[in-house]
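**Student:** With these hints in hand, go ahead and build the complete structure from the sequences.
Going down the list, the sequences are from chains A, B, C and D.
Heads up: the first sequence at position 36 corresponds to 35 in numbering that gives the first Met the number 0, and the numbers run straight through without jumps.
Heads up: the second sequence at position 118 corresponds to 117 in numbering that gives the first Met the number 0, and the numbers run straight through without jumps.
Heads up: the third sequence at position 101 corresponds to 100 in numbering that gives the first Met the number 0, and the numbers run straight through without jumps.
Heads up: the fourth sequence at position 123 corresponds to 122 in numbering that gives the first Met the number 0, and the numbers run straight through without jumps.
Please keep in mind that the hints were generated in silico from the structure rather than gathered at the bench.
Mixed in with the good hints there might be a few duds.
Given that identical chains are not distinguished, each listed pair holds provided it fits within a single copy or across any two copies.
[Stated by the list, open to error] Here are the computed lysine-lysine pairs in the DSS-like style, where the Cα-Cα straight-line distance is at most 30 Å:
| # | residue 1 | residue 2 |
| --- | --- | --- |
| 1 | K22 | K90 |
| 2 | K6 | K72 |
| 3 | K90 | K72 |
| 4 | K22 | K6 |
Number of protein chains: 4
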Amino acid sequence: MGLALNKDELSQYLAEVFPQVHKDFVVEALDEDSITMRLVVADRHLRPGGTVSGPSMFGLADVCVYAMVLARKGRQSLAVTTNSSLDFLRKPEGGKDLVATCRLLKLGRSLAVGDVLIYSEGSDQPVARASMTYSLPPAGSAAAKYG
Amino acid sequence: MGLALNKDELSQYLAEVFPQVHKDFVVEALDEDSITMRLVVADRHLRPGGTVSGPSMFGLADVCVYAMVLARKGRQSLAVTTNSSLDFLRKPEGGKDLVATCRLLKLGRSLAVGDVLIYSEGSDQPVARASMTYSLPPAGSAAAKYG
Amino acid sequence: MGLALNKDELSQYLAEVFPQVHKDFVVEALDEDSITMRLVVADRHLRPGGTVSGPSMFGLADVCVYAMVLARKGRQSLAVTTNSSLDFLRKPEGGKDLVATCRLLKLGRSLAVGDVLIYSEGSDQPVARASMTYSLPPAGSAAAKYG
Amino acid sequence: MGLALNKDELSQYLAEVFPQVHKDFVVEALDEDSITMRLVVADRHLRPGGTVSGPSMFGLADVCVYAMVLARKGRQSLAVTTNSSLDFLRKPEGGKDLVATCRLLKLGRSLAVGDVLIYSEGSDQPVARASMTYSLPPAGSAAAKYG
Numbered sequence: 000m001g002l003a004l005n006k007d008e009l010s011q012y013l014a015e016v017f018p019q020v021h022k023d024f025v026v027e028a029l030d031e032d033s034i035t036m037r038l039v040v041a042d043r044h045l046r047p048g049g050t051v052s053g054p055s056m057f058g059l060a061d062v063c064v065y066a067m068v069l070a071r072k073g074r075q076s077l078a079v080t081t082n083s084s085l086d087f088l089r090k091p092e093g094g095k096d097l098v099a100t101c102r103l104l105k106l107g108r109s110l111a112v113g114d115v116l117i118y119s120e121g122s123d124q125p126v127a128r129a130s131m132t133y134s135l136p137p138a139g140s141a142a143a144k145y146g
Numbered sequence: 000m001g002l003a004l005n006k007d008e009l010s011q012y013l014a015e016v017f018p019q020v021h022k023d024f025v026v027e028a029l030d031e032d033s034i035t036m037r038l039v040v041a042d043r044h045l046r047p048g049g050t051v052s053g054p055s056m057f058g059l060a061d062v063c064v065y066a067m068v069l070a071r072k073g074r075q076s077l078a079v080t081t082n083s084s085l086d087f088l089r090k091p092e093g094g095k096d097l098v099a100t101c102r103l104l105k106l107g108r109s110l111a112v113g114d115v116l117i118y119s120e121g122s123d124q125p126v127a128r129a130s131m132t133y134s135l136p137p138a139g140s141a142a143a144k145y146g
Numbered sequence: 000m001g002l003a004l005n006k007d008e009l010s011q012y013l014a015e016v017f018p019q020v021h022k023d024f025v026v027e028a029l030d031e032d033s034i035t036m037r038l039v040v041a042d043r044h045l046r047p048g049g050t051v052s053g054p055s056m057f058g059l060a061d062v063c064v065y066a067m068v069l070a071r072k073g074r075q076s077l078a079v080t081t082n083s084s085l086d087f088l089r090k091p092e093g094g095k096d097l098v099a100t101c102r103l104l105k106l107g108r109s110l111a112v113g114d115v116l117i118y119s120e121g122s123d124q125p126v127a128r129a130s131m132t133y134s135l136p137p138a139g140s141a142a143a144k145y146g
Numbered sequence: 000m001g002l003a004l005n006k007d008e009l010s011q012y013l014a015e016v017f018p019q020v021h022k023d024f025v026v027e028a029l030d031e032d033s034i035t036m037r038l039v040v041a042d043r044h045l046r047p048g049g050t051v052s053g054p055s056m057f058g059l060a061d062v063c064v065y066a067m068v069l070a071r072k073g074r075q076s077l078a079v080t081t082n083s084s085l086d087f088l089r090k091p092e093g094g095k096d097l098v099a100t101c102r103l104l105k106l107g108r109s110l111a112v113g114d115v116l117i118y119s120e121g122s123d124q125p126v127a128r129a130s131m132t133y134s135l136p137p138a139g140s141a142a143a144k145y146g
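**Tutor:** Structure follows, in C-alpha cells:
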C-alpha cells in the first residue's frame, strides 16, 4: 500500500487544517511506514530554564502520528486521538529544535497506532518516547467521533 | 500528613514559577489528597471546530498533578514529569472552560503519581482521563533531574 | 441505560468464556458504572518474596474492565483490549487477595474505556492503577478484531 | 558502557530469580542497547481461540526490559516496575512462539525505560507494543522499593 499524499502535498494540507500552528512543524522526511518532523522551537514552547515544555512535546508527537495517518489515508480522512502515552527521558537542550520520528505500527480499519522518538537536533539520545492511538471513523459519520 | 501550601499560597507560587501560563490556570479547590483546577479556555487553546486542543488538555493534567505535589511538598521541592498516559473520551464543548480534578495516588520518597479526570464545565461526562508520574529528586541534585 | 447482565448472570458468563481462569476472579459488586472484583491469590500469582506478580495485576485489571463492558452490552458482545496503562504504586501485601474497582468512563459505539484501582484486601492505599481501552467490533465482524 | 552480564550469565541469573517462570522465556540475543527474548508458548498462555493472553504478553514485555536492565547493571541490582503502557495491535498467531525485542531508551541513576515490540515468530507485523519504566533503588535500600 502506497502513500496517498507525498511530502509536499502533506505539508500543504497540514498548513490548511492547522492554520494556528503549522509554522511550528516541518515535515523532514516521509515514507510508507515512517515520518520525521521538526518542531521549530520558539519562546512560546519554552519553560523557565530553556526546557521545551511538556505540552509542546505532546503536540509534536501527536502531529507526527496524525500526519503519518493522513499521508496514508488522504485528505478526506478523519482521525481523532483516543489515547497517548509519553515517557520523558532527558531534558531537551536549550535553543535546539526538536526532531521526531514516527513509526506506523498499525493502520487498521478503525484504529491507527504509531510510536515516536523525539530528539534535540544533533543528539542521538532521545528526550521523549510517545505512542498515540487514532480512531478512524468512517467518512461522514459525525457521530463516530471519539469512538 | 498535611498540606505544605494552602490554596492561596499555592496559587501565588504557580504564578511565580509559570509566568507564561499561570493565567490559564485557576486553583478551584485543594485538600490533602486532591486538587481541582480550571483551564480558562482562550482562542490559543482551540482547534478548528472549537475543540480544546490535545496539548492544552495535556498541559492542564500536568499542571494539576504538579500543583498537588507542590501543595504537599512545599516551595523548594523539585518535580519532573517522567511519564504520562491520557485517554481522550469525548469532544470538549466549545466555549466552555475545562475543569480537572486530580487524585494523589502516591507520594513516595522519589516518585509521585496522580490521576486526573477532565470535564467541560457543567458536564458530568469526562472529556479526558490522565495519569502522570513525577520524579522527585533530592533538593540540590541537579544531576538527579529526569531520574 | 441499564445493565444487560446482573451480577449472577455476569459471573456465570465469565465462567463459560474463561474456563481456565474464572476461579481466580470473583465479582463482588456491580452497578451501571462500576464493578468490584477480587483476585483470589494463589501460589501461581506470586513472585519470590510473596509479591503478587505484575501479569496477575494486569490480568485482574483487564478482566475487571471486560466484565464491566459485558455487564452493559450483554453476552453476544465482542470486546478486544487495544490499549492499557498501569502504574504500580506499592508492593501488595503477601497472603492477601487483591480487590479491584473499575469505573466505566466511556461506553461508545466502537470504544469503551475504564480505569481501575487495585488494593490489597483491607488496605486503603492502592497497589496499582490501570486504564484499559476495549474495541467493540460490530457483532459478526470477525475482520473487525483489533480495529 | 558495557554489559555487566553476557547472554549466558543473564540466562543463568534469570533461572535463579524466576524459578517459577524462567522456562517460559529464552534470551535469543543481547547487546548493549537491546535484547531479544522468546516466550515459549504453552497451553497456560492461551485463551479460547488459540490467542496468547494479554497477561502473557505483558509478562514477556516486562521480563524483556527487566533482563535488559540486569544485563547492564549486574546481579546485585534492584529494579521494580513502576509504569507500563501496552498497545495490542493484532491477534497473535495460534501455535507460534512470541518474540520480543526491547530497546533500552534510558538507564539513569534512578529510572530505566525500555520499549518493546512483540511479534508472532516468523511474522514482520507486530502483535503488541509496550513500554516499561523501572525504578532502580540504591542497593540495600529496602525502603526505596516502589519509589
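**Student:** Next step is simple, just say for each hint if it's right about the structure.
**Tutor:** Okay, the hints, checked on the actual structure:
no.: 1; hint: K22 to K90; in the structure: both (24 Å within a copy, 25 Å between copies)
no.: 2; hint: K6 to K72; in the structure: within (14 Å within a copy, 43 Å between copies)
no.: 3; hint: K90 to K72; in the structure: between (34 Å within a copy, 22 Å between copies)
no.: 4; hint: K22 to K6; in the structure: within (15 Å within a copy, 38 Å between copies)
Checked against the numbered hints above, the structure breaks none of them.
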